[in-house]
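Asker: Given chain A, put chain B in place with the hints provided.
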Amino acid sequence: MTVPSEHLLVLAAILFAIGAAGFFLRRNVIVVLMCVELMLNAANLSFLAASRMHALRAGSTGPSLEGPTFAIFVIVVAAIEAAVGLALVIALYRNRQVVSLDAVTDLKD
Amino acid sequence: MADALFYVMAVAAVLAALGVVLAKNPMQCVLSLLGSFFALSIIYLLAGFQFLAAAQILVYAGAIMVLFLFVIMLLNLGAPGAEDPTDVRMFSRANAGLMVIVAAALLFVMALGIRRAGPMPVDRALPPEGLDPIPGLANEMFGRYLLPFEAISVLLLATAVAVVVLAKRDRRANEGSQP
Numbered sequence: 037m038t039v040p041s042e043h044l045l046v047l048a049a050i051l052f053a054i055g056a057a058g059f060f061l062r063r064n065v066i067v068v069l070m071c072v073e074l075m076l077n078a079a080n081l082s083f084l085a086a087s088r089m090h091a092l093r094a095g096s097t098g099p100s101l102e103g104p105t106f107a108i109f110v111i112v113v114a115a116i117e118a119a120v121g122l123a124l125v126i127a128l129y130r131n132r133q134v135v136s137l138d139a140v141t142d143l144k145d
Numbered sequence: 003m004a005d006a007l008f009y010v011m012a013v014a015a016v017l018a019a020l021g022v023v024l025a026k027n028p029m030q031c032v033l034s035l036l037g038s039f040f041a042l043s044i045i046y047l048l049a050g051f052q053f054l055a056a057a058q059i060l061v062y063a064g065a066i067m068v069l070f071l072f073v074i075m076l077l078n079l080g081a082p083g084a085e086d087p088t089d090v091r092m093f094s095r096a097n098a099g100l101m102v103i104v105a106a107a108l109l110f111v112m113a114l115g116i117r118r119a120g121p122m123p124v125d126r127a128l129p130p131e132g133l134d135p136i137p138g139l140a141n142e143m144f145g146r147y148l149l150p151f152e153a154i155s156v157l158l159l160a161t162a163v164a165v166v167v168l169a170k171r172d173r174r175a176n177e178g179s180q181p
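Protein chains in written order, with our numbering: chain A, 37 to 145; chain B, 3 to 181.
Just so you know, the hints here were simulated from the structure itself, not pulled from any lab data.
One or more of the hints may lead you astray.
As the list claims (entries may be wrong) - Which stretches of chain A does chain B cover? Using the computed rule of at least three CB atoms under 8 angstroms from a CB of chain B, they are:
(1) 42-52
(2) 55-66
(3) 71-79
(4) 85-93
(5) 110-121
(6) 126-138
What the hints assert, rightly or not - Partial chain B-side listing against chain A, Cβ under 7 angstroms, derived:
(7) F8
(8) V10
(9) P28
(10) M29
(11) L48
(12) L77
(13) L109
(14) D134
From the three backbone atoms N, C-alpha and C, an ideal C-beta is built for every residue, glycine too.
One chain only, chain A, in its complex shape (with noise of 0.2 angstroms):
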């Protein structure tokens, strides 16, 4: 592939961008969790955008490495997350029967 790293990074914002936007704009928890799964994949690729640009330029010495040992971490923390928040999800569910966040309200009343 020779497409320019910086495809990549556009990508990558492009991404962010929408997760972004869900996430303050839907109000089911669990759609919520997921755009912030799309923000985390989004960084992902800019790691590895960034780690590509360095090993394939003209003076490199070899791979970059990281990129993709900073992409494997964010991914286990996403699993870390996505277990947490569900966990949340149901204990909430449990309590109130909603997956509403126009629902939880108690700290802001």
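Answerer: Frame of chain A, contents of chain B only:
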């Protein structure tokens, strides 16, 4: 050929991401997100990150998506007519337009940053072992980044305990209601 496939997959990933935000039913959101993950994993493969593409499929599509599907089916949110009324109303709200503007502004700032970084041409051929060779990755992870690795394994253990505590039925509350 590979370049054309990249652009096709990029468009597919963006459309699937839009599907996550715009679909009314949570089940459709999960399936769109799954499509987005698969498109991204093909992009990783094309960019030369073979191990990351496999990890993306295994961890995201295999584990995280199953977790989301499990919770949606457990709470019976995927049933037709089970849509959240506040979510159905969201696009007629005044702040929906505001959020689109915020996302566009975010995108504009990121585009400025990418332009400032300058062109990133591909000068060298992709090495046959890809850009994330497993021995090199292991050297990084168990060498320079050993401390983050250990920290994240402690975090995983703490999460496992926390999830069990959170999702467990509260025994004291049940004793009060049952004779």
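Asker: Taking the closest Cβ pair, is V10 (chain B) under 7 angstroms from chain A?
Answerer: 12 angstroms, violated
Asker: Verify the coverage statement for the segment 42-52 of chain A against chain B, using a C-beta to C-beta distance below 8 angstroms and requiring 3 or more qualifying residues.
Answerer: Coverage by chain B holds here, the residue count being 10 at a Cβ distance below 8 angstroms.
Asker: Close enough to count: is the Cβ of M29 (chain B) nearer than 7 angstroms to one in chain A?
Answerer: Hint on M29 (chain B): violated, closest Cβ of chain A at ~10 angstroms, above 7 angstroms.
Asker: Tell me whether the statement that chain B covers the segment 85-93 of chain A is true, taking a Cβ distance below 8 angstroms and needing three residues at minimum.
Answerer: As far as the segment 85-93 of chain A goes, the hint holds, because 7 residues have Cβ atoms under 8 angstroms from chain B.
Asker: Holds or violated: is there a CB of chain A closer than 7 angstroms to the CB of F8 (chain B)?
Answerer: 5 angstroms, holds
Asker: For the segment 55-66 of chain A, count the residues whose Cβ lies under 8 angstroms from any Cβ of chain B; is that count three or more?
Answerer: holds (count 10)
Asker: With chain A as the partner, please determine if L109 (chain B) meets the hint condition of a C-beta pair closer than 7 angstroms.
Answerer: 4 angstroms, holds
Asker: Identify whether the interface hint at D134 (chain B) stands, where standing means a beta carbon of chain A within less than 7 angstroms of its own.
Answerer: 4 angstroms, holds
Asker: Quick check on P28 (chain B) please, does its C-beta sit within 7 angstroms of some C-beta on chain A?
Answerer: Constraint on P28 (chain B) satisfied, holds at 5 angstroms.
Asker: Are L48 (chain B) and chain A close enough, Cβ to Cβ, to be under 7 angstroms, as the hint says?
Answerer: Hint on L48 (chain B): holds, closest Cβ of chain A at ~5 angstroms, below 7 angstroms.
Asker: Please verify the coverage claim for the segment 126-138 of chain A: does it have three or more residues whose C-beta sits within 8 angstroms of some C-beta in chain B?
Answerer: Answer holds; 7 residues pass the 8 angstroms Cβ test.
Asker: Under the criterion of a CB-CB separation shorter than 7 angstroms, is L77 (chain B) in contact with chain A as hinted?
Answerer: Hint on L77 (chain B): holds, closest Cβ of chain A at ~5 angstroms, below 7 angstroms.
Hint check: violations occur at hints 8, 10; the rest are consistent with the structure.
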